[in-house]
Amino acid sequence: MEETDWRFKIAHREAKIGVGLALFNFVWWFGFAYGMGSRPVEEYSYVFGLPDWFFYSCVLGFLVIAVLVIVIVHFFFTEVPFDDEEGSP
Amino acid sequence: MNYEVLVPMIVFLLVIFFIGYWASRKLTASSNFISDYFLGGRELGGFVLAMTMVATYGSASSFLGGPGTAYTMGFGWVLLAMAQVVTGYFVLMILGKKYAIMARRYKAITMIDFLKSRYDSSAVVLLSAFSIIIFLFSAMAAQWIGGARLVESLTGLSYNSALFLFAVSVLVYVTIGGFRAVALTDAVQGAVMLIGTLILLIAVIIAGGGIPNIVNDLLNENPNLVTPYGANGDLTAAYVSSFWILVGVGVVGLPQIAVRAMSYKNSRSMHRALIIGTIITGLIMLNMHLIGVFARPVMPGIEIGDKVIPLIALETLPPWVAGIVLAAPMAAIMSTVDSLLLLVSSSIVKDVYLNYIKPDASIKTIKRISFGVTGMLGIIVFLLALNPPELLIFLNLFAFGGLEAAFIWPIVLGLYWKWGNKYGAIASMATGIVSYIGLHFYNLENGNLFGVHTVTLPVLLSLVAFIIFSLLVGRKAYQYNAPALK
Chain C
16 MEETDWRFKI AHREAKIGVG LALFNFVWWF GFAYGMGSRP VEEYSYVFGL
66 PDWFFYSCVL GFLVIAVLVI VIVHFFFTEV PFDDEEGSP
Chain X
6 MNYEVLVPMI VFLLVIFFIG YWASRKLTAS SNFISDYFLG GRELGGFVLA
56 MTMVATYGSA SSFLGGPGTA YTMGFGWVLL AMAQVVTGYF VLMILGKKYA
106 IMARRYKAIT MIDFLKSRYD SSAVVLLSAF SIIIFLFSAM AAQWIGGARL
156 VESLTGLSYN SALFLFAVSV LVYVTIGGFR AVALTDAVQG AVMLIGTLIL
206 LIAVIIAGGG IPNIVNDLLN ENPNLVTPYG ANGDLTAAYV SSFWILVGVG
256 VVGLPQIAVR AMSYKNSRSM HRALIIGTII TGLIMLNMHL IGVFARPVMP
306 GIEIGDKVIP LIALETLPPW VAGIVLAAPM AAIMSTVDSL LLLVSSSIVK
356 DVYLNYIKPD ASIKTIKRIS FGVTGMLGII VFLLALNPPE LLIFLNLFAF
406 GGLEAAFIWP IVLGLYWKWG NKYGAIASMA TGIVSYIGLH FYNLENGNLF
456 GVHTVTLPVL LSLVAFIIFS LLVGRKAYQY NAPALK
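Protein chains in written order, with our numbering: chain C, 16 to 104; chain X, 6 to 491.
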């Protein structure tokens, strides 16, 4: 049995990063939304006029994810050729 | 008739036509018609790839229905909509490089080609082609009805004339230009959506006297609007979270999205698309749904959700700007429709006709049939949309969730799990579709089982079916590595 295609190792690692990022995204989104949002409305504070749970969960959360995607793609993703002819290292 | 609104929309449609025409000239010169027409010759760059995914995904429901629901439900629905940010990176990261490599090796043009080569089974091919044709055809028809209603409400034309106008616009450029035309126009449409929603959001905030003022008005009307639990306090955390499957990670299983993940040129395009796609999806979803919530104090008492966006645009913007902004939902509908049309036609021509009816058809015949089938499908959808039958509306209800439940595991596990085989794939698709339809009726009668969206359980059941059948029937490890290269 031959060695696993070197490109697949990279592809598998990147897919795992994708799952990890989605989990992190979910925890952040859920944590702020229901952690802060379940208080009585009178106790909400407001960031840029938006209710705090919403700002942290959806606005800040989105910015954090966008930055993470940029960082991950730049530093952890590797460019590989897709065609088999150029596929051998 | 409102000419100031109409003129910018017509200009927009003309630009779209021009792009279709330009792409078709490239097509005539091409040597590999099938791959070019249905896949754009695997040469999409990062920006176009990101935009075509965003635009295909952002359909009539997210552009008219979503903000309309946010108008009624408040911030809780914006929270739900933001689950879609994950699609911006998840699809490309999960299918990613392995899918691109395997698709090239299999010479796959459609998602079904990929399944065909991976599982080597006619049953898998026919079952998939059948589900795609039935479900996506219905989804497409429903979008046409939405598009025609929008044209109707903007122009004052009758529904039938509006539908005709819409149908001709879509057909002309899909038929002549194929995938490349669709992808390029998607890029333009995506840009229109982004800019349109941004302008409208700013206009609504100004009209409402600033965000703190608007939020105060909402608090005075009904404090629940500002919580994550919806206007009546009945949006539960479990229900909202289950949308992470329907509109978030489950999108991996949608054929119209999966086919785009094999259309890019190289790793660099994919990397750029990941970044651009995430940012654009997030911005558009946040803008659109905030517009819906903020519109409530500015224009109270709108009863039909789909009309919130058109009405608020006409109210807060000068007419010609409203025309440009309203081209955004129009763009969303058109780009969804055109990619679905192409996908259904590719399933018929490529997956059924070329596989089983006439494998040795000449290029000339294939060309004629591709144009012919695409055109015919358009005409059938047009006739159906004139007087939509009950069955159509009914099938459309399952379209996305049903397809996700059917395809997610055969694709994802087909890529990453060597024990996955055709028995697992067939069991998984059948379980997904049947349990989705069954549960749909159960939930209609009894309320949502376990308080989550219908899609949740079928996705889990089809995973179990895939694993059990793959391991029990005809167990054999799949060899992913290329056969010895010359």
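No wet-lab data here; the hints were simulated from the structure. Keep in mind that this is a model prediction, so the values were computed, not measured. Just so you know, even glycine gets a beta-carbon here, dropped at the ideal spot from N, CA and C. Each hint should be verified, as a subset may be incorrect.
Below, computed lysine-lysine pairings styled on BS3-like, alpha-carbon distance capped at 30 Å [said to hold, decoys possible]:
| # | chain 1 | residue 1 | chain 2 | residue 2 |
| --- | --- | --- | --- | --- |
| 1 | X | Lys423 | X | Lys103 |
| 2 | X | Lys369 | C | Lys24 |
| 3 | X | Lys481 | X | Lys372 |
| 4 | X | Lys423 | C | Lys31 |
| 5 | X | Lys270 | X | Lys112 |
| 6 | C | Lys31 | X | Lys103 |
| 7 | X | Lys121 | C | Lys24 |
| 8 | X | Lys481 | X | Lys270 |
| 9 | X | Lys481 | C | Lys31 |
| 10 | X | Lys121 | X | Lys481 |
| 11 | X | Lys121 | X | Lys312 |
| 12 | X | Lys481 | C | Lys24 |
| 13 | C | Lys31 | X | Lys121 |
| 14 | X | Lys112 | C | Lys24 |
| 15 | X | Lys369 | X | Lys112 |
| 16 | X | Lys481 | X | Lys369 |
| 17 | X | Lys369 | C | Lys31 |
| 18 | X | Lys103 | X | Lys121 |
| 19 | X | Lys372 | C | Lys31 |
| 20 | X | Lys423 | C | Lys24 |
| 21 | X | Lys369 | X | Lys103 |
| 22 | X | Lys121 | X | Lys363 |
| 23 | X | Lys121 | X | Lys372 |
| 24 | X | Lys312 | X | Lys103 |
| 25 | X | Lys112 | X | Lys481 |
| 26 | X | Lys270 | C | Lys24 |
| 27 | X | Lys423 | X | Lys369 |
| 28 | X | Lys103 | X | Lys481 |
| 29 | X | Lys312 | X | Lys112 |
| 30 | X | Lys481 | X | Lys312 |
| 31 | X | Lys369 | X | Lys121 |
| 32 | X | Lys369 | X | Lys270 |
Each pair of labels, with its calculated beta carbon distance range [to be verified]:
| # | chain 1 | residue 1 | chain 2 | residue 2 | range |
| --- | --- | --- | --- | --- | --- |
| 33 | X | Ser127 | C | Leu78 | 19 to 27 Å |
| 34 | X | Lys312 | C | Phe41 | 28 to 36 Å |
| 35 | X | Phe446 | C | Glu57 | 41 to 49 Å |
| 36 | C | His89 | X | Ala242 | 28 to 36 Å |
| 37 | C | Lys24 | X | Asp125 | 20 to 28 Å |
| 38 | X | Ser166 | C | Trp21 | 54 to 62 Å |
| 39 | X | Tyr164 | C | Trp21 | 53 to 61 Å |
| 40 | C | Gly64 | X | Arg373 | 42 to 50 Å |
Here is how each hint holds up against the structure:
1. X:Lys423 with X:Lys103: 13 Å, holds
2. X:Lys369 with C:Lys24: Measuring from Cα to Cα gives roughly 42 Å; hence the hint is violated.
3. X:Lys481 with X:Lys372: 39 Å, violated
4. X:Lys423 with C:Lys31: 16 Å, holds
5. X:Lys270 with X:Lys112: Given that 30 Å is the threshold and the Cα spacing comes to 14 Å, the pair holds.
6. C:Lys31 with X:Lys103: Holds - the C-alpha atoms of X:Lys103 and C:Lys31 are around 12 Å apart, at most 30 Å.
7. X:Lys121 with C:Lys24: 24 Å, holds
8. X:Lys481 with X:Lys270: 33 Å, violated
9. X:Lys481 with C:Lys31: Since the Cα atoms of X:Lys481 and C:Lys31 sit roughly 24 Å apart, the hinted pair holds (cutoff 30 Å).
10. X:Lys121 with X:Lys481: 17 Å, holds
11. X:Lys121 with X:Lys312: 43 Å, violated
12. X:Lys481 with C:Lys24: Given that 30 Å is the threshold and the Cα spacing comes to 22 Å, the pair holds.
13. C:Lys31 with X:Lys121: The given pair, whose Cα atoms are some 25 Å apart, holds under the 30 Å limit.
14. X:Lys112 with C:Lys24: 22 Å, holds
15. X:Lys369 with X:Lys112: It holds: about 20 Å lies between the C-alpha atoms, which stays within 30 Å.
16. X:Lys481 with X:Lys369: 41 Å, violated
17. X:Lys369 with C:Lys31: Roughly 44 Å separates the two Cα atoms, so the pair is violated.
18. X:Lys103 with X:Lys121: 16 Å, holds
19. X:Lys372 with C:Lys31: 41 Å, violated
20. X:Lys423 with C:Lys24: Distance of about 14 Å is within 30 Å: holds.
21. X:Lys369 with X:Lys103: 33 Å, violated
22. X:Lys121 with X:Lys363: Satisfied, since the Cα-Cα distance of roughly 17 Å is no more than 30 Å.
23. X:Lys121 with X:Lys372: Roughly 23 Å separates the two Cα atoms, so the pair holds.
24. X:Lys312 with X:Lys103: 43 Å, violated
25. X:Lys112 with X:Lys481: 23 Å, holds
26. X:Lys270 with C:Lys24: Holds, at about 21 Å.
27. X:Lys423 with X:Lys369: 39 Å, violated
28. X:Lys103 with X:Lys481: 20 Å, holds
29. X:Lys312 with X:Lys112: 45 Å, violated
30. X:Lys481 with X:Lys312: Status violated; Cα separation ~55 Å.
31. X:Lys369 with X:Lys121: 25 Å, holds
32. X:Lys369 with X:Lys270: Holds: X:Lys369 and X:Lys270 sit about 27 Å apart, inside 30 Å.
33. X:Ser127 with C:Leu78: 19 to 27 Å: 48 Å, violated
34. X:Lys312 with C:Phe41: 28 to 36 Å: 33 Å, holds
35. X:Phe446 with C:Glu57: 41 to 49 Å: 42 Å, holds
36. C:His89 with X:Ala242: 28 to 36 Å: Taking Cβ atoms as reference, C:His89 and X:Ala242 lie about 34 Å apart, which means the hint holds.
37. C:Lys24 with X:Asp125: 20 to 28 Å: 25 Å, holds
38. X:Ser166 with C:Trp21: 54 to 62 Å: At roughly 59 Å between Cβ atoms, C:Trp21 and X:Ser166 fall inside 54 to 62 Å, so the hint holds.
39. X:Tyr164 with C:Trp21: 53 to 61 Å: The hinted range 53 to 61 Å holds for X:Tyr164 and C:Trp21, with Cβ atoms some 58 Å apart.
40. C:Gly64 with X:Arg373: 42 to 50 Å: 59 Å, violated
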